[in-house]
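Trainee: Residue numbers (UniProt numbering), protein chains in the order written: chain A, 1 to 441; chain B, 1 to 412.
No wet-lab data here; the hints were simulated from the structure. Predicted model only: the values in this text are computed from it and were never measured. One thing to keep in mind: the hints can contain errors.
Claimed, not checked - Mimicking DSBU-like on lysine-lysine, the simulated pairs with C-alpha atoms at most 35 Å apart in a straight line are: (1) B/LYS318 - A/LYS237; (2) A/LYS7 - B/LYS118; (3) A/LYS7 - A/LYS237; (4) A/LYS7 - B/LYS318; (5) A/LYS245 - B/LYS118; (6) B/LYS399 - B/LYS372; (7) A/LYS11 - B/LYS318; (8) A/LYS245 - B/LYS318.
Unchecked claim - To spell it out: a stretch of chain A is covered by chain B in this simulated footprint if at least three of its residues, at any positions, have a beta carbon under 8 Å from a beta carbon of chain B; those stretches are: (9) 92-99; (10) 257-269; (11) 305-313; (12) 326-332; (13) 353-366.
Positions of the beta carbon are idealized from the N, C-alpha and C atoms, including for glycine.
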Amino acid sequence: MFSYYLKLAFKSIKRNPILSLLMVTAIALGIGASMTTITVNYLMSADPIPQKSHQLFYVQVDSWDPHNAFSDDSDDNNPPPTQLTWTDATNLMSAKKANKQTAMAKSGGIIEPKGLDSKPFEASIRLTFADFFSMFDVPFLYGSGWDQQSDDKRDLVVVLSKNINDKVFGGENSIGKDFVMAGKNFRVVGVMNNWQPVPKFYDIQNGAFDEPEEVYMPFYLKEELELPNWGNTNCWKSPEGEGFKAFLRSECINFQMWVELPDLKAKADYLAFLDNYVAEQKSLGRFPRPLNNRLSDVMTWLDEQKVVEQDARLMLWLSFMFLLVCLLNTIGLLLAKFTGKAAEIGLRRAVGATKAELFKQHIIEAGCIGLLGGIAGLGLAVLGLQGIKSLYGDYVNNLSSLDGTMVVVALLLAVVSSVLAGVYPTWRACNIAPASQLKSQ
Amino acid sequence: MSKTTAINWEVGPIFRALLRNKVGAVLIAIQIAVTMTIIVNSVFIIVERDQQMQRVSGLDEDNTFYLSSLGFGQNFNAKVSIQDDLNMLRNLPGVVDAMQINAIPISGGGWSMGLQTKPGAEYDGVGTAVYMVDQNVLNTLDVELIAGEKFTPTDIRWREPAQGDWPDKIIITKALATSLFPDDEWQTAVGKTVYINDIEPMTIGGIIDQLQAPWIGWDKVENVMLSPEQMDQDSTRYIIRTEPGRRDDLMPQIEELLANSNKNRIIKGMRSLQETRERSYRSHTALIKILSTIMVILTIVTALGIVGMATFSVNQRKKQIGTRRALGASQGAIVRYFMVENLIISTVGVVVGAMLTLGLNIILVNVFNLDKIDWYYIPIGMVVLWLVGLIAVFAPAKKAANIPPALATRTV
Numbered sequence: 001m002f003s004y005y006l007k008l009a010f011k012s013i014k015r016n017p018i019l020s021l022l023m024v025t026a027i028a029l030g031i032g033a034s035m036t037t038i039t040v041n042y043l044m045s046a047d048p049i050p051q052k053s054h055q056l057f058y059v060q061v062d063s064w065d066p067h068n069a070f071s072d073d074s075d076d077n078n079p080p081p082t083q084l085t086w087t088d089a090t091n092l093m094s095a096k097k098a099n100k101q102t103a104m105a106k107s108g109g110i111i112e113p114k115g116l117d118s119k120p121f122e123a124s125i126r127l128t129f130a131d132f133f134s135m136f137d138v139p140f141l142y143g144s145g146w147d148q149q150s151d152d153k154r155d156l157v158v159v160l161s162k163n164i165n166d167k168v169f170g171g172e173n174s175i176g177k178d179f180v181m182a183g184k185n186f187r188v189v190g191v192m193n194n195w196q197p198v199p200k201f202y203d204i205q206n207g208a209f210d211e212p213e214e215v216y217m218p219f220y221l222k223e224e225l226e227l228p229n230w231g232n233t234n235c236w237k238s239p240e241g242e243g244f245k246a247f248l249r250s251e252c253i254n255f256q257m258w259v260e261l262p263d264l265k266a267k268a269d270y271l272a273f274l275d276n277y278v279a280e281q282k283s284l285g286r287f288p289r290p291l292n293n294r295l296s297d298v299m300t301w302l303d304e305q306k307v308v309e310q311d312a313r314l315m316l317w318l319s320f321m322f323l324l325v326c327l328l329n330t331i332g333l334l335l336a337k338f339t340g341k342a343a344e345i346g347l348r349r350a351v352g353a354t355k356a357e358l359f360k361q362h363i364i365e366a367g368c369i370g371l372l373g374g375i376a377g378l379g380l381a382v383l384g385l386q387g388i389k390s391l392y393g394d395y396v397n398n399l400s401s402l403d404g405t406m407v408v409v410a411l412l413l414a415v416v417s418s419v420l421a422g423v424y425p426t427w428r429a430c431n432i433a434p435a436s437q438l439k440s441q
Numbered sequence: 001m002s003k004t005t006a007i008n009w010e011v012g013p014i015f016r017a018l019l020r021n022k023v024g025a026v027l028i029a030i031q032i033a034v035t036m037t038i039i040v041n042s043v044f045i046i047v048e049r050d051q052q053m054q055r056v057s058g059l060d061e062d063n064t065f066y067l068s069s070l071g072f073g074q075n076f077n078a079k080v081s082i083q084d085d086l087n088m089l090r091n092l093p094g095v096v097d098a099m100q101i102n103a104i105p106i107s108g109g110g111w112s113m114g115l116q117t118k119p120g121a122e123y124d125g126v127g128t129a130v131y132m133v134d135q136n137v138l139n140t141l142d143v144e145l146i147a148g149e150k151f152t153p154t155d156i157r158w159r160e161p162a163q164g165d166w167p168d169k170i171i172i173t174k175a176l177a178t179s180l181f182p183d184d185e186w187q188t189a190v191g192k193t194v195y196i197n198d199i200e201p202m203t204i205g206g207i208i209d210q211l212q213a214p215w216i217g218w219d220k221v222e223n224v225m226l227s228p229e230q231m232d233q234d235s236t237r238y239i240i241r242t243e244p245g246r247r248d249d250l251m252p253q254i255e256e257l258l259a260n261s262n263k264n265r266i267i268k269g270m271r272s273l274q275e276t277r278e279r280s281y282r283s284h285t286a287l288i289k290i291l292s293t294i295m296v297i298l299t300i301v302t303a304l305g306i307v308g309m310a311t312f313s314v315n316q317r318k319k320q321i322g323t324r325r326a327l328g329a330s331q332g333a334i335v336r337y338f339m340v341e342n343l344i345i346s347t348v349g350v351v352v353g354a355m356l357t358l359g360l361n362i363i364l365v366n367v368f369n370l371d372k373i374d375w376y377y378i379p380i381g382m383v384v385l386w387l388v389g390l391i392a393v394f395a396p397a398k399k400a401a402n403i404p405p406a407l408a409t410r411t412v
């Protein structure tokens, strides 16, 4: 029966081409607009590291100004600073109280490639610890990260992104080769494969949807090579004394820290350790604010920092309202269409079709219109995402591709909403009294 | 009684007829209401964004660009390089003026500090953007000194890397003067002392008319302080103002001149201020375009919905229309019937729409911190949606009027 009803549905769709086209277009527009905004929101709020996002925690301690909270955020009346000072980052790292831990910072420097014809160029650096690579499941093309001894010995070792390896070494295996950056001679120990967590959760203070850094090196080289602060630096108090070292040891925040904790007990222990640490620092005259330490797992942290752009959420709401209008439109048109078929329905009822059968038949018809609308809507969503790309530029490159899940969501949304839209008109159509219709024939 | 020529609008009968087919009418009314809600709020958001984009930065944007110079290696001497570069740039034909600067207005990245009128950590500061500039600042940035004195070459000092203290004399914008001394006339700020880093005093030497901070989304975007200093850093930024029309040919020329004058550096990040404005306001431009598109499509969808429903109801009532025509109703009366019917539906729609519009605006105010909508948007929106409905229903109504009276007799 199903295939027969499908055939009837397509016949009926073809019989009123303009009305059908109107309905399919309305659904397609609604689905296209909604899917465009859903995709952008879905990618913005995606879990970038689903296999362990519950075990990775962002560390915050409140080292801020006694007179003012870090920010006057309306949702959170006493937020601790979003980053750490050098002093706290290095102290917490040396304590090694978590299973795995990494403090980090963004910096940059000039790469001088070998060979006379290649020009020096500037690249971004992530200063980090050996654990970074295993904590965040960084994929490697060649070699691996450095080991923990290199962290403490401040070895001149680097891990390169695939792009930089392509640019400097022509894409070949460069493990063990020399690499000149910031005036120093480094040894390459690893080359990453393509890696683009979306959002770039490990450092959202410096652009939640930015590209990952190009070169990775041990954290303490910041001090050794006096590498500059890139990205967000906030101070509530000016450094005591002049020069790089004084600035590093000031109360200015520029460092992020993540710890990996397997379970709730480990989390509670680490929080207790943080509280102890702050109490100890208070006795040294630091941390003038009340105790306010936080450990946030990946999704909590992204949510708290409002990684999803307001404009994106606004568009999502408006596009759902848009879909609503399109569906109201479809209900009206379906109603018109099915009422127009009253004579036919009356005839079918008279020759023995049950109400349930008629209901099935017309719901299938509504579903077919929805499916057609959904397919056309997917096409429009692809166009819409292209449009978003051209309007917003590089920033949304990682936020504007449809994946399998989104295609399924789009088709489901289209079919479900058009079937829902079809329920009332179908119900009305099925309740036509056969006699009244046959009379006027 | 004299013969009345007044048209009978037949509102009563039309309304009673409507009640017999409620669902179709209600659907159209809701559609109109939701459409109005989206359109009016969208227009409001568009106008708000557009007003933000109309604010002026204070610079000669059409003829200004900037670039970064990154020195490297042991032989690079920042101070010498900066002086050589500025000499070269300022003497280049077509260049109005040039200067080293730490941050670029409306670019998104910069340095901010707090200034307070009393010394001590217990007092709150007023936030301000900081531009480190030299004596050529007024000409390079195209800003006007409206009180006090400009910087002289002797005011300018070198700021060493990671140096923490501040010069004795600064110039501020009129907006900053007003937010520092809200109770006084802005002119009186000249000569007053303000404190940076809680206790370090600085004298306000002069006031400029207007200059924007690097952050366009900041509510105090006009709060700017000029600090007379050059930065002794290997990585530095120059801002260059050209004569009108010369920017585009000077940009590549200057990039090459600087790159060739010293092999121990890289020139990068060259960008015109016009491009910076486009990039900074890109999300505004994008939102405006997207909302405009949605509004147009939505209006078309709703109008087509009205056309579809009207056509359907005309088809359904062919016999009745024929009968009315046969009984003497004019074509005009038939057109009028459908127009009035639509007007009743639209009126219900726009009244509900007005309430929904306000409701959505309240949500937007709470969730997205938008402003409250101005009242006059709502009546304008109502009239527009009314007109859309009347235009949409006109063609089907005309079609109905052309139904021949004979039709009434045909199927009996």
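Trainee: Would the pair A/LYS7 and A/LYS237 pass a check requiring their Cα atoms to be no farther apart than 35 Å?
Mentor: Violated, because 76 Å separates the two Cα atoms, which is more than 35 Å.
Trainee: Closer than 8 Å, Cβ to Cβ, for at least three residues: run that test on the segment 92-99 of chain A against chain B and report holds or violated.
Mentor: violated (count 0)
Trainee: Can you confirm whether the C-alpha distance between A/LYS245 and B/LYS318 stays at or below 35 Å?
Mentor: With Cα atoms ~90 Å apart, A/LYS245 and B/LYS318 exceed 35 Å; violated.
Trainee: Would you mind confirming whether the straight-line C-alpha gap from A/LYS7 to B/LYS118 stays at or under 35 Å?
Mentor: Given that 35 Å is the threshold and the Cα spacing comes to 83 Å, the pair is violated.
Trainee: Quick one: see if chain B covers the segment 257-269 of chain A, three-plus residues with Cβ-Cβ under 8 Å.
Mentor: violated (count 0)
Trainee: Mind taking a look at whether chain B covers the segment 353-366 of chain A? Criterion is 3 or more residues with CB to CB distance under 8 Å.
Mentor: violated (count 0)
Trainee: Holds or violated: are the alpha carbons of A/LYS11 and B/LYS318 at most 35 Å from each other?
Mentor: Judged against 35 Å, a Cα distance of about 25 Å means the pair holds.
Trainee: Under a C-beta cut-off of less than 8 Å, do 3 or more residues of the segment 305-313 of chain A approach chain B closely enough to confirm the stated coverage?
Mentor: Check passed, 4 qualifying residues.
Trainee: Taking 35 Å as the top limit, are the C-alpha atoms of A/LYS7 and B/LYS318 close enough?
Mentor: holds, 31 Å
Trainee: For the pair supplied as a hint, A/LYS245 and B/LYS118, is the alpha-carbon distance within the 35 Å limit?
Mentor: Measuring from Cα to Cα gives roughly 30 Å; hence the hint holds.
Trainee: Closer than 8 Å Cβ to Cβ for three or more residues is the test here. Does the segment 326-332 of chain A pass it with chain B?
Mentor: That given contact holds, which follows from 5 residues of the segment 326-332 of chain A lying within Cβ reach (below 8 Å) of chain B.
Trainee: Hinted pair, alpha-carbon criterion (35 Å max): B/LYS318, A/LYS237. Please report holds or violated.
Mentor: violated, 82 Å
Of the numbered hints stated above, those contradicted by the structure are hints 1, 2, 3, 6, 8, 9, 10 and 13, listed in ascending order.
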